[in-house]
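Enquirer: Below are the chains, spelled out letter by letter.
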Amino acid sequence: MSTSASEKIPFLRDPAKLAILYQFLTLTGVGLLSYYLVHNTLINLERQSISTGFGFLDREASFEIGETLFRYTAADSYGRALAVGFCNTLLVSFIGVTLTVILGTFLGIARLSSNWLVAKLSAIYIEVFQDIPILLQLFFWYAFFYEILPSPRQALAPIPGIFLCNRGLIFGIPYWHEAYKFAFLAFVIGIVVVFFMRKWASKRQAATGQIFPVVKVSLAILAGLPLLAWWLTGAPTKMNVPELAGFNFKGGITVSPEFTALLLGLVLYTAAFVAEVVRAGIQSVSKGQTEAAISIGLKPGQVLNLVILPQALRVIVPPLTSQMLNLIKNSSLAVAIGYPDFVSVAGTTINQTGQAIEGVAMIMIVYLIFSLSTSAFMNWYNKKIALVER
Amino acid sequence: MEKSLPKHTAENLRPPLTNIGIIGWMKANLFNGWFNSALTLLVTYMLWLLVPPLISWAFINSSWLPSGDQCQAGGGACWSVVTANIRFIIFGFYPHELQWRPLVAMIILIALLFYSQNRSHWRKSLFYAWTLGLFVMGVLLRGGVLGFRGVESNLWGGLPLTLLLSVFGLTAAYPVGVLLALGRQSKLPIIKSFSVVYIELIRGVPLISLLFMSSVVFPLFLPEGLVINKILRAQIAIILFTAAYIAEVVRGGLQGVGKGQYEAADSLGLNYFQTMRLIILPQALKIVIPPSVSILISAFKDTSLVVIIALYDLLKTTQTTLSDPKWMGYSAEAYIFVALIYFVCCFAMSNYSRRLERELDTSL
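Just so you know, the protein sequences line up as chains A and B, in that order.
Be aware that the first sequence starts at 1399, since it is given in the working numbering, and climbs by one per residue.
Be aware that the second sequence starts at 49, since it is given in the working numbering, and climbs by one per residue.
Hints in this document: simulated from the structure, not taken from any laboratory.
Since the model is a prediction, treat every value here as computed from it, not as a measurement.
Honestly, I wouldn't trust all of these hints.
[Unchecked claim] FRET-style restraints, in silico, Cβ to Cβ:
| # | chain 1 | residue 1 | chain 2 | residue 2 | range |
| --- | --- | --- | --- | --- | --- |
| 1 | A | Glu1462 | B | Lys235 | 17 to 27 Å |
| 2 | A | Gln1681 | B | Asn399 | 44 to 54 Å |
| 3 | B | Ala358 | A | Leu1443 | 19 to 29 Å |
| 4 | A | Ala1678 | B | Leu270 | 19 to 29 Å |
| 5 | B | Ser85 | A | Pro1548 | 30 to 40 Å |
| 6 | A | Asp1412 | B | Val245 | 22 to 32 Å |
| 7 | A | Phe1594 | B | Gly81 | 37 to 47 Å |
| 8 | B | Leu270 | A | Thr1426 | 19 to 29 Å |
| 9 | B | Val245 | A | Glu1462 | 47 to 57 Å |
| 10 | A | Ala1678 | B | Leu90 | 18 to 28 Å |
| 11 | A | Gly1477 | B | Leu194 | 39 to 49 Å |
| 12 | A | Lys1415 | B | Val245 | 23 to 33 Å |
| 13 | A | Leu1467 | B | Asp372 | 47 to 57 Å |
[Said to hold, decoys possible] What the simulated footprint calls covered on chain A by chain B, stretch by stretch (three residues with Cβ under 8 Å from a Cβ of chain B suffice, anywhere in the stretch; the number is not a length):
| # | region |
| --- | --- |
| 14 | 1420-1432 |
| 15 | 1437-1447 |
| 16 | 1512-1522 |
| 17 | 1528-1534 |
| 18 | 1592-1604 |
| 19 | 1731-1738 |
| 20 | 1743-1756 |
No residue lacks a Cβ here, since even glycine has one placed at the ideal position from N, Cα and C.
Okay, chain B solo, but in the shape it has when bound (with noise of 0.2 Å):
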């Protein structure tokens, strides 16, 4: 009986060689069904057409040399445009011996960024540190007081520019996005459609209307004698116009809060704004943190349309340096270099608004 058995018994036989290993993940991947080799097959053949020149273009026959006109003769991409100017693209006219200043205000907005990151440390301390980080960035940029020499705002530019607008826009929209929202939750008739109004209206029209009015209309409504300066009243704008996109957000937050702790909150006696303030808030924003960060996201890109209204803004100071005779006709490698910027800072946001998203689903 014994020796009738076969050698090879269910446990010890190895699976067919291609179907385990590099062979078997091509074969389930890659080449499963004749429509999927076929495609393989040609994505493969165009990858190969456009990646090779492509690397050879970026590093093999690259330069880095200093002017534009040597690099003329490589062939390849001019990397040296960036290098060469990397302090005009990054922080504009701001005077040269006290781009510290900005630098350090940047720091410390990455540093606050990345500690808050993680939801243990959401704190009122974390506030008061937001608070007191503003205000440190506030005085590096501005200067003029604790011995900093005063820096005017028409040479602020570049990348703190940038994040500026886009900080400081989220920051100032948020209370009124959320009492917009609020407003449009409304049982009065007369703030439910003010608020209804201004938030279709904002929008339906681009951001761009919106700047094209912080520029040119903006200046009549204000008395006689007292000037704003372009780029507090490019921030109003977008700070405008972030509101009413945070206040469809949190609209959707405040509906999430299930009816029945409006009405524990009314049988309690509490009124409208102990409600909200105490019961309903807290809970509606936190449902939208994640959506918020992409609010936050298409702020960060959307300030870059300041270029039209001619602030030196990180776009805007990069096509100044190219409109420089010595670098003019290098401007992929520069913009792929601002678009590398704008990639690596909305990638980590999407990425942890993902994240977040993930930790706060207490959903099974």
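If we strip away everything but chain A, and leave its shape as in the complex, we get (with noise of 0.2 Å):
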């Protein structure tokens, strides 16, 4: 049987006519939707005498941020209000996912275990803590410091030097010497020397079969690099310890409850998650593998470090970067607490412009930037880890 061009095929038979019929439609109709939507906003805003566009920005926002990366006064512009709330936003980020990344790790592997007791622990932290709102855990963490914790007088020093109180997070800080700089460029140049050095040793193995001790001589070198620099610079050992005066701590460093509390909730939280993700990782490299790695007569750490962290790594990172991602989306409930980060400026923003639009507006697109350059990186990271299939 063969169908001759000629021969007319009904329009609603016809795939390739229905197509552009359907998405003809589909157009018009978000055509339609986004118009009516645009004409009711510019109608109300007329009524209402809002004005669009981001000319607010360099007015003067006339309100107090209680903690900032750098000089912020009330009398700056809403601009560099924002520019504080987004750097709040990116300090408790960056730090929320490092610690979650560490804890999660750990959290993961005790959930294997072969200790009871430990693996039991560890298994009922993560439903716990997995199975309790993000925003209720950061209430009572919050809480916790307004209310559970002494006053300064009576503050907590769980480990000597380091305070908790109901003024936040207090410790101590070495004083400011020449040396620390000459220490951080060091750190910056072992990095470098790390770097080519274990492509030089991967090169020596392919080539000769010989190990080199990558691991600990890089430990050696970043650590050392920057001691020797702080050594050779003087060795400043003087620290601006904490001390009780009247009703508050001086000198140390005072992290706020309200921060203590953010991070915490949020490492707490997502580590419960990143847990499982590691725990599962870990389970799907066979048993073979472990068993075929110490017959061919690998050490433990090596039976860890060349054969299952490379095949774990590949099934960890995927899930792990939505975990990072839900992460930073929720380190927006920071509003919720009283922390300053992006959205809780742009919210008081918005309370005193009146800018509702271009508010959110910011808030998504922000959010959307570290998304996509924080899976744009991990993706980066995936594909340098993945199968290379031959």
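Bring the two chains, given one by one in their own frames, into a single complex with the hints.
Expert: Printed below as a string of structure tokens:
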């Protein structure tokens, strides 16, 4: 049976024509809807005499922000206030993601421990912290700081030199000295040296089969170089230690209750999810791989480094990325406990200026940038460690 | 010859006492190797430091006195902050004498959920039962018909509101999510790009930005005079948000259906809608039931964010109670109580999801 070209296909049976029709209908529908919404919005804006555009960014903000990474006063512009909020979000996300990955990995490994007590405790932790909304956890930690912790006079000192009280987390830092600049410089140089050493080591291993103790030497370089620089440039040891003066601590660094509560909530919540991701990743490597690695004479450390981790990471990285993104997005809940992150500053801006559309659009764009750049980085990393099919 | 046989043959030789019973179990699971032994001791020590004070705070020294001031003396937990305010925490501002109505609605919902657990009940009749159930729940909450006194939605609050937002949110988001997933898998470039942009946009921003949008931007979108109440606006935001996540889950299911199924449908001469409705979706949706339960869990937890736009859900009623000077300073007790509610619900759901995954897993 053959269909001659001249035979007419009914319009509603021809996929090619239907495709055009459907797309046309979708386009018209979306177009009409957007036109309707924009039209209404313009009328409403005119009626409430709200001007559109981002001109308000230059106006004086006239509200204070509790925590800033750089100089900001109420006399500065909305733009600068939003920049302060942006940096605060960046700070809490960066520290949060780092701590979460460390704690999550630790918990995931503990979940698989042969020690019954450790495995059960970490299973309970994972289940409990996953099942309680993050916002509730944030409120709890916030109340923990303001209601349960004592005043500075009776501050708890879980580790000598670190104080916990209702003013936040207070600990000592070294007084500023030129030596720290050099130590930091040495650290950066150390990273570069380690990078090239790893390349050299893997090339040598591929050529001669000799294994170079990369991890040990890397750690030695990363710790040793800054230490050496610090020692050579005077070895300052003077510390700015917090001391009780009147009703509060003086000296040292004070991390506010809001920031600590936010960080604590985000890390403890997300780490439970990361732990599950790590556990699944480790379990995805079949037992035969470990046995084969041992039988060809690798040491336990080598088994982990050369056989299990490279395979487990491939399973771990994609879901880990989405957990990191979740943490970054959840950091927007800072607004609920009064930490001045981007959403919180933008919310204040919206309330004061009435520029709701611009404000919400900025929030969305900022988080989209965070999300897209994080997933771009993790995609790059994922590609790097992905299985090379031969 | 017989005399030289050993008294104990291998069969009647008992294993050493240290390898069986509780000692054997401890040796195998807690003290195998020096590292694990040290770990066990360390963890036990830490538990010893933490658990007894907690127990004495929560149970032994706790008090159930009628006011916060009287609790002060005990030094333990003051659970009466929960018991004295339980009706407000659970039902919010719903009129006191009508609170049996949301209670009945919640019982219907829980009964329906329990009934739906069993897979042998998944028939068409269950679908009708749900439709009827949701309708009855709506009538009970809202009133105004059948002789029930009407209750304005701005009085709704507490646990019923939390359940309403999550259950209705997921129910309404599911069809939208399926459509988006089909759009993303579609060969038509315009439909595909709209779907991709929508899904990625929503998944890239926090829910709170959508809630902000629903509370401050959404009213600007509407023509003059048309006002949509706050709960419905938040509900729409939650639906739009959840739909994007459902779309990604359903896409996974669509990709899990073998290519041969599509080809077979094509060769039978089915058109796109027939193929999807009769062949692909029934298989794809079955695959994605367990991950859908996870989405329900996160939707349930995420509804707590409506606190930020000042809706009186379970968390907000708790906070309101705590801002009462009579009960100030007992946040820990109240939050632990609410956490317990959330935990029980989520734990039940995640357990169910795991069970379902095992049952539906037909591979060996």
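Enquirer: Verify the coverage statement for the region 1420-1432 of chain A against chain B, using a C-beta to C-beta distance below 8 Å and requiring 3 or more qualifying residues.
Expert: holds (count 5)
Enquirer: Cβ-Cβ distance between Phe1594(A) and Gly81(B): within 37 to 47 Å?
Expert: holds, 39 Å
Enquirer: Taking 47 to 57 Å as the hint, is the beta-carbon distance of Leu1467(A) and Asp372(B) inside that range?
Expert: violated, 37 Å
Enquirer: Is it true that Lys1415(A) and Val245(B) lie within 23 to 33 Å of each other by Cβ?
Expert: This hint holds: roughly 26 Å between Cβ atoms.
Enquirer: Could you see if the CB distance from Leu270(B) to Thr1426(A) stays within 19 to 29 Å?
Expert: Cβ of Leu270(B) to Cβ of Thr1426(A): about 22 Å, so the range 19 to 29 Å holds.
Enquirer: Could you see if the CB distance from Ala1678(A) to Leu270(B) stays within 19 to 29 Å?
Expert: violated, 45 Å
Enquirer: Can you tell me if the region 1731-1738 of chain A counts as covered by chain B, using C-beta to C-beta distances under 8 Å and a minimum of three residues?
Expert: Contact hint for the region 1731-1738 of chain A vs chain B: holds, 3 residues under 8 Å.
Enquirer: If I claimed the Cβ atoms of Ala1678(A) and Leu90(B) lie 18 to 28 Å apart, would that claim hold in this structure?
Expert: holds, 27 Å
Enquirer: Count the residues of the region 1592-1604 of chain A with a beta-carbon closer than 8 Å to any beta-carbon of chain B: does the count reach three?
Expert: n = 0 at 8 Å, threshold three: violated.
Enquirer: Is the gap between the beta carbons of Glu1462(A) and Lys235(B) within 17 to 27 Å?
Expert: This hint is violated: roughly 55 Å between Cβ atoms.
Enquirer: Determine whether the Cβ-Cβ distance between Ala358(B) and Leu1443(A) falls within the hinted range of 19 to 29 Å.
Expert: holds, 24 Å
Enquirer: Test coverage of the region 1743-1756 of chain A by chain B using CB-CB distances below 8 Å; three residues minimum.
Expert: It holds, with 4 qualifying residues against the three required.
Consistency with the previously given hints fails for numbers 1, 2, 4, 9, 11, 13 and 18, ordered from lowest to highest.
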